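With chain A held as given, fit chain B onto it using these hints.
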Amino acid sequence: MTVSVANDMSIFSLVAGASLPVQAVLVILILTSLFSWWYIFIKLATVKHAETNADDFEKAFWSGGDLNKLFEGLAASRRKPQGMASIFEAGFKEYVRHKQKTHIDMSDVMEGSRRAMRATYNREMDDLDAHLPFLASVGSVSPYIGLFGTVWGIMNAFRGLSNVAQATLSQVAPGIAEALVATAIGLFAAIPAVIAYNRFASSVDRLSVRYESFMEEFTNILQRKS
Amino acid sequence: MIRAYEKEVSWKAGGLAIAVHLALLGALLISFNWKAAHPVLNVTEVELWDSLPTRVVKPIPSVKEPTVKPVRKPEPIVKEEPKEEPKELPKIDIALEKKKKELEQRKIEDQLKKEKNLEQKKQLEALKAEALNDDVQKPVKVNKPSDALKKLQQEALAEEKTTGDQQALSAKAAANAGVVDEYKSKIQAKIHGNVNKSLCGDGNPVLKFDIGLFPTGELSGNPTLTKSSGNAACDEAVERAIMASQPLPLPNDPSLFSQFRNLKLTFKPND
Chain A
34 MTVSVANDMS IFSLVAGASL PVQAVLVILI LTSLFSWWYI FIKLATVKHA ETNADDFEKA
94 FWSGGDLNKL FEGLAASRRK PQGMASIFEA GFKEYVRHKQ KTHIDMSDVM EGSRRAMRAT
154 YNREMDDLDA HLPFLASVGS VSPYIGLFGT VWGIMNAFRG LSNVAQATLS QVAPGIAEAL
214 VATAIGLFAA IPAVIAYNRF ASSVDRLSVR YESFMEEFTN ILQRKS
Chain B
4 MIRAYEKEVS WKAGGLAIAV HLALLGALLI SFNWKAAHPV LNVTEVELWD SLPTRVVKPI
64 PSVKEPTVKP VRKPEPIVKE EPKEEPKELP KIDIALEKKK KELEQRKIED QLKKEKNLEQ
124 KKQLEALKAE ALNDDVQKPV KVNKPSDALK KLQQEALAEE KTTGDQQALS AKAAANAGVV
184 DEYKSKIQAK IHGNVNKSLC GDGNPVLKFD IGLFPTGELS GNPTLTKSSG NAACDEAVER
244 AIMASQPLPL PNDPSLFSQF RNLKLTFKPN D
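Residue numbers (this note's numbering), protein chains in the order written: chain A, 34 to 259; chain B, 4 to 274.
FYI, nobody ran anything at the bench for these hints, they're computed from the structure. Computed from a predicted model, the values in this text were never measured in an experiment. Among the hints, erroneous ones may be present.
Derived contacts from chain B toward chain A, CB cut-off under 8 Å, selection only [said to hold, decoys possible]:
| no. | residue |
| --- | --- |
| 1 | 17 |
| 2 | 20 |
| 3 | 24 |
| 4 | 32 |
| 5 | 247 |
DSS-like cross-link-like pairs, simulated, lysine-lysine; straight-line CA separation at most 25 Å [what the hints assert, rightly or not]:
| no. | chain 1 | residue 1 | chain 2 | residue 2 |
| --- | --- | --- | --- | --- |
| 6 | B | 175 | B | 103 |
| 7 | B | 10 | A | 81 |
| 8 | B | 110 | B | 125 |
| 9 | B | 154 | B | 124 |
| 10 | A | 113 | B | 15 |
| 11 | B | 200 | B | 267 |
| 12 | B | 187 | B | 271 |
| 13 | B | 271 | B | 200 |
| 14 | A | 113 | B | 10 |
| 15 | B | 211 | B | 189 |
| 16 | B | 154 | B | 119 |
| 17 | B | 15 | A | 81 |
Glycine included, each C-beta is placed from N, C-alpha and C at the ideal position.
The shape of chain A in the complex, shown without the other chains (with noise of 0.2 Å):
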């Protein structure tokens, strides 16, 4: 005995049966999904790029060496330094600089190396908090996204509804389940960039402290120096 199932529940079958406001934010949801997605791989190789360049560098400066090398050694590579090396570049570019001219007191020196420091480090921090907001916002409106497209689509299913004499589940309960797709792939899209949000934020404010602390540890150095 064969039977035709008279509406397949394939996942093709409700979404092309949905209306179009519902296919609309269907279409938005996966789109931010997949840019939500492709940030948060691009910030898990750039935050783990940051770490190690931090863990090498630190490695680097505090092996003892002489910090005229370091920075020759920077200053060559072909590759733009990045990070807690860009810092100390900009920090030890300043100050020999200064350290030229001789009419200028010692405590410009520092302030101008400190100053030049500070700014390459906002430079950075904004490099490392860079899609986070993006994802921040993924993740608390895609729901809301989600939900108006469920509740479109229950609407549309119970006005439906209204208009046949005898009403069964069988009537109503493809129009809810192409609705409730909206609010599965806005959940889908949602979950992984709170998530990745949250351990992205804590890593960049890590690299933070650590970036701040070396700054300090850093003009300390130049001060003994001079």
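Below, chain B alone, put in the same frame as chain A:
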């Protein structure tokens, strides 16, 4: 969008993001396909229903037989007094059966009365002729006709039973036909209520569909269009309405289901 230093990882990250979404799509497809297989379970339920009618039909005759039997049982008791018997039997029959039986019964009664008259005349003659042996001969002569009466009555009763059963069957068939028509019109009305009439235009289109049903009222297959209205949208609207009307109303008596297994329905959506 992305910073300059992020460009080297952007392609890898994009590929991973797409992979994650493909994984989600795959998970959704698998879980939904698993759900779509669920209706197959309904088929087994339908087969269970198929076996029910034979069980339910049996109790009905068994219920009716006892109502007939009480008529038989009183006979031996009544037969002891031949004169009262003809009067009592019709009463029971009237209570149980219909007018035809009464008429037949009356005919039998008339015959019996005639016989009795004959007997009485004979008895009177016999009394006149043999005045001395009255007391001895009477019971013998009365008893003989009473045997004949018993035979006649039994034959009459047997006839009544057969005719009565036939009448009951025909009455039941007539009632069933009424029920079948009632449910056919109920099915039509239910489907009619689900038709989106705006798709059928202003005319008076007529459509014919063949549908197969399970005892649960669900369709056993797709409805087949035997006569189109000429408007494909209207045909589809009616087909959707048939699908949407599941389960269709069916009579409670499972023995009538055979009449609904294959239905030819005619629709006039604009009526």
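Evaluation of the provided hints:
1. 17: holds (5 Å)
2. 20: holds (4 Å)
3. 24: Where the cut-off is 8 Å and the nearest Cβ of chain A is about 6 Å from residue 24 (chain B), the hint holds.
4. 32: Interface hint status for residue 32 (chain B): holds (6 Å vs cutoff 8 Å).
5. 247: Status holds, d = 6 Å.
6. B:175 / B:103: At roughly 17 Å apart (the allowed maximum being 25 Å), residue 103 (chain B) and residue 175 (chain B) satisfy the hint.
7. B:10 / A:81: holds (15 Å)
8. B:110 / B:125: With a Cα-Cα distance of about 22 Å, the restraint between residue 110 (chain B) and residue 125 (chain B) holds, given a limit of 25 Å.
9. B:154 / B:124: OK: residue 154 (chain B) and residue 124 (chain B) at ~22 Å, within 25 Å.
10. A:113 / B:15: holds (22 Å)
11. B:200 / B:267: holds (21 Å)
12. B:187 / B:271: Holds - the C-alpha atoms of residue 271 (chain B) and residue 187 (chain B) are around 15 Å apart, at most 25 Å.
13. B:271 / B:200: Satisfied, since the Cα-Cα distance of roughly 10 Å is no more than 25 Å.
14. A:113 / B:10: holds (14 Å)
15. B:211 / B:189: With Cα atoms ~17 Å apart, residue 211 (chain B) and residue 189 (chain B) stay inside 25 Å; holds.
16. B:154 / B:119: OK: residue 154 (chain B) and residue 119 (chain B) at ~15 Å, within 25 Å.
17. B:15 / A:81: The hint holds at about 15 Å.
Checked against the numbered hints given earlier, this structure breaks none of them.
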